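Number of protein chains: 2
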Amino acid sequence: MADLSSVVRGIQSGDMRALARACRLIDERDPRAFELLKQVFIHDGHAYVVGITGTPGAGKSTLVSGLIRLYREEGKRVAVLAIDPTSPYSGGAILGDRIRMQQHFTDEGVFIRSIATRGHLGGVSRSTGDVLHVLHAAKFDVVLLETVGVGQAELEVTQLADTTVVVMAPGLGDDIQAIKAGILEVADVFAVNKADRMGADATAQDLQQMLSLRRVPQGVSKMQGHTAVSTLTKGPEAEAGEWVPPILKTVAHKQEGLAELVASLAKHREFLMTTEAGRVIREQRRAAEFRAILYQALIDEVDARFADEISEKLQDVLDAKIDPYSGAEALSRSAIGDET
Amino acid sequence: MADLSSVVRGIQSGDMRALARACRLIDERDPRAFELLKQVFIHDGHAYVVGITGTPGAGKSTLVSGLIRLYREEGKRVAVLAIDPTSPYSGGAILGDRIRMQQHFTDEGVFIRSIATRGHLGGVSRSTGDVLHVLHAAKFDVVLLETVGVGQAELEVTQLADTTVVVMAPGLGDDIQAIKAGILEVADVFAVNKADRMGADATAQDLQQMLSLRRVPQGVSKMQGHTAVSTLTKGPEAEAGEWVPPILKTVAHKQEGLAELVASLAKHREFLMTTEAGRVIREQRRAAEFRAILYQALIDEVDARFADEISEKLQDVLDAKIDPYSGAEALSRSAIGDET
Numbered sequence: 001m002a003d004l005s006s007v008v009r010g011i012q013s014g015d016m017r018a019l020a021r022a023c024r025l026i027d028e029r030d031p032r033a034f035e036l037l038k039q040v041f042i043h044d045g046h047a048y049v050v051g052i053t054g055t056p057g058a059g060k061s062t063l064v065s066g067l068i069r070l071y072r073e074e075g076k077r078v079a080v081l082a083i084d085p086t087s088p089y090s091g092g093a094i095l096g097d098r099i100r101m102q103q104h105f106t107d108e109g110v111f112i113r114s115i116a117t118r119g120h121l122g123g124v125s126r127s128t129g130d131v132l133h134v135l136h137a138a139k140f141d142v143v144l145l146e147t148v149g150v151g152q153a154e155l156e157v158t159q160l161a162d163t164t165v166v167v168m169a170p171g172l173g174d175d176i177q178a179i180k181a182g183i184l185e186v187a188d189v190f191a192v193n194k195a196d197r198m199g200a201d202a203t204a205q206d207l208q209q210m211l212s213l214r215r216v217p218q219g220v221s222k223m224q225g226h227t228a229v230s231t232l233t234k235g236p237e238a239e240a241g242e243w244v245p246p247i248l249k250t251v252a253h254k255q256e257g258l259a260e261l262v263a264s265l266a267k268h269r270e271f272l273m274t275t276e277a278g279r280v281i282r283e284q285r286r287a288a289e290f291r292a293i294l295y296q297a298l299i300d301e302v303d304a305r306f307a308d309e310i311s312e313k314l315q316d317v318l319d320a321k322i323d324p325y326s327g328a329e330a331l332s333r334s335a336i337g338d339e340t
Numbered sequence: 001m002a003d004l005s006s007v008v009r010g011i012q013s014g015d016m017r018a019l020a021r022a023c024r025l026i027d028e029r030d031p032r033a034f035e036l037l038k039q040v041f042i043h044d045g046h047a048y049v050v051g052i053t054g055t056p057g058a059g060k061s062t063l064v065s066g067l068i069r070l071y072r073e074e075g076k077r078v079a080v081l082a083i084d085p086t087s088p089y090s091g092g093a094i095l096g097d098r099i100r101m102q103q104h105f106t107d108e109g110v111f112i113r114s115i116a117t118r119g120h121l122g123g124v125s126r127s128t129g130d131v132l133h134v135l136h137a138a139k140f141d142v143v144l145l146e147t148v149g150v151g152q153a154e155l156e157v158t159q160l161a162d163t164t165v166v167v168m169a170p171g172l173g174d175d176i177q178a179i180k181a182g183i184l185e186v187a188d189v190f191a192v193n194k195a196d197r198m199g200a201d202a203t204a205q206d207l208q209q210m211l212s213l214r215r216v217p218q219g220v221s222k223m224q225g226h227t228a229v230s231t232l233t234k235g236p237e238a239e240a241g242e243w244v245p246p247i248l249k250t251v252a253h254k255q256e257g258l259a260e261l262v263a264s265l266a267k268h269r270e271f272l273m274t275t276e277a278g279r280v281i282r283e284q285r286r287a288a289e290f291r292a293i294l295y296q297a298l299i300d301e302v303d304a305r306f307a308d309e310i311s312e313k314l315q316d317v318l319d320a321k322i323d324p325y326s327g328a329e330a331l332s333r334s335a336i337g338d339e340t
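Those sequence lines, one after another, are chains A and B. In terms of this note's numbering, the first sequence opens at residue 1 and continues consecutively. In terms of this note's numbering, the second sequence opens at residue 1 and continues consecutively.
Errors might be hidden in some of the hints.
Cut-off 20 Å, straight-line C-alpha distance, at most; resulting in silico cross-link-like pairs (EDC-like, lysine to aspartate or glutamate) [unchecked claim]:
no.: 1; chain 1: B; residue 1: K321; chain 2: A; residue 2: D316
no.: 2; chain 1: A; residue 1: K38; chain 2: B; residue 2: E312
no.: 3; chain 1: B; residue 1: K38; chain 2: A; residue 2: D316
no.: 4; chain 1: A; residue 1: K38; chain 2: B; residue 2: D44
no.: 5; chain 1: A; residue 1: K76; chain 2: A; residue 2: E35
no.: 6; chain 1: B; residue 1: K321; chain 2: A; residue 2: E283
no.: 7; chain 1: B; residue 1: K38; chain 2: A; residue 2: E312
no.: 8; chain 1: B; residue 1: K38; chain 2: A; residue 2: E329
no.: 9; chain 1: B; residue 1: K321; chain 2: A; residue 2: E35
no.: 10; chain 1: A; residue 1: K321; chain 2: B; residue 2: E283
no.: 11; chain 1: B; residue 1: K38; chain 2: A; residue 2: D319
no.: 12; chain 1: A; residue 1: K38; chain 2: B; residue 2: E329
no.: 13; chain 1: B; residue 1: K321; chain 2: A; residue 2: D44
no.: 14; chain 1: A; residue 1: K321; chain 2: B; residue 2: D44
no.: 15; chain 1: A; residue 1: K38; chain 2: B; residue 2: D319
no.: 16; chain 1: A; residue 1: K321; chain 2: B; residue 2: D319
Keep in mind the hints are simulated off the structure, nothing from the lab. These numbers were taken from a predicted model, which means no experiment stands behind them.
Just chain A, same shape as in the assembly (with noise of 0.2 Å):
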């Protein structure tokens, strides 16, 4: 591999061979990565993260294609990272609907990766802010972060993303009540897509009403992230530092309701940049993301430094000599040094 500052300045020049060393780097947990994302690394960052996430069978890559388009029709250079629910076994990504997005392959002004995670800690979602950092580096003007998969982790990626967009659809199973739940309180923008299916009012309607449910002032819960706005929410617009999810209806195959569904991120964008509210959340998110920079930066250091007294510590384990949980306690105790 060339030295790392041509890969530097490749990435701060846009060239997409260099972002894609880059991104193998960080998939690969190389050691170099580090160093070159400390070098790369923008304050306040450069591009808009958009999330995509909801529902399997919603069409969400059918809408990030349309988005795509949209934005390439304003001149924007746009990257798409998917988080594919991969096997922790093969590491591979699974490409599937990225068929749909082959149109947008040839285009220099568009940058595809999947993101593979190996099942490491925390997995999905460092990579991917890694590989943010190096968008903005690159100077990527909209960066949307499409999750293939519903879960916890998926959950968690989107608290990268500046605004969500969550996708439903008319008539998917029972199971995705309870789904929808947990995706309800990461959702910026609801999309109900497939609009003209039968059902989609009705999707709306159950999604207005949960909306209203969630208005109910909560206490502030321990987790940081849009707490400081959904106990603030009161309308269905951004006004005084509050914010309600707006629901668009949009048929993504027909490009229909996608020119509002992008004028909808805009205006929270705008909240974002320009409230009280917003500030708290961007600052909250930072706040975040350090804690999880640090937690794998003393975990891969201690990997390093300690790989002969961890084996050994195993081996203990597996024999039945200590418990895991002593086990590790003296090894953290021994990596750290004692309190006294």
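With chain A held as given, fit chain B onto it using these hints.
Just chain B now, with coordinates in the frame of chain A:
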């Protein structure tokens, strides 16, 4: 709260209130939880842990309810842990489909709990792993670990199970194709549920075809788990260190096919306990869990001991005085001590 040793004794005598207390300590990341886990840990465990995952709408909860009934008929004590894709903000578990299990709530041989995850690093699987050790200590015979969502974290959780059942149903949406691929590699047994519906045979054939693709030998991947088995896979039975997931048809709400499912689970357990390949899988899982416990212990220790330093450095990051990667590196080095 009563003192720790009385909670430990309560757990060991199977007292439900002591169990609930222990789960709460673990949920809340109370430092006493770690001490408790050291005291109750049993090498080689006790309970047989069955993971139940699969596409939304496939009828997982109904199937779990049916399995509880069968195991109870055998006189076994059963615990159910439901992994729900809760909001990281509210921290509350969504009980939604739990309603279907109401019939079992009054049964003293059944313990049912939702695992609420707080969005912290590796949260889902770490809390679940800790709770599992408490259930081993309480001498449950069977633990059913059900995931409601389908995503990276949910796939990881299945690695805490001895045997994982992937539940599918005929005729679900198209994104499911992509999810299926991720799910495929964690499956030890497939259940095509709602098998009285149109398309059940097609779904089973689909799975059969995907399984035959999986049989192509691959290089041993970095991640540990089924690798040793899947590279050896040849036939539809366990023989000479080989295991190929059987595909069963079930109609859970009519209790059809569930006895066959329980028999398949028993076969897989025997495979794990009596073959060399099974021994390797069990050892790899214990090693992976030891690392996860170690990383969490490190993070907790650093959080407790370096709270002030972390706050200061975070402020520098927010003030754009230092990038988060350099900040994390400096903190991590000062916590662990420099190389020289």
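Going through the hints against the structure:
1. K321/B to D316/A: The hint is violated at about 44 Å.
2. K38/A to E312/B: Measuring from Cα to Cα gives roughly 19 Å; hence the hint holds.
3. K38/B to D316/A: holds, 15 Å
4. K38/A to D44/B: violated, 44 Å
5. K76/A to E35/A: Measuring from Cα to Cα gives roughly 29 Å; hence the hint is violated.
6. K321/B to E283/A: The given pair, whose Cα atoms are some 15 Å apart, holds under the 20 Å limit.
7. K38/B to E312/A: Holds, at about 19 Å.
8. K38/B to E329/A: holds, 10 Å
9. K321/B to E35/A: holds, 18 Å
10. K321/A to E283/B: Holds: K321/A and E283/B sit about 15 Å apart, inside 20 Å.
11. K38/B to D319/A: Between K38/B and D319/A the Cα gap is close to 16 Å, so the pair holds against 20 Å.
12. K38/A to E329/B: Given pair K38/A, E329/B holds - Cα atoms ~10 Å apart, limit 20 Å.
13. K321/B to D44/A: Given that 20 Å is the threshold and the Cα spacing comes to 12 Å, the pair holds.
14. K321/A to D44/B: holds, 12 Å
15. K38/A to D319/B: At roughly 16 Å apart (the allowed maximum being 20 Å), D319/B and K38/A satisfy the hint.
16. K321/A to D319/B: Outside the cut-off at roughly 48 Å; violated.
Of the numbered hints stated above, those contradicted by the structure are hints 1, 4, 5, 16, listed in ascending order.
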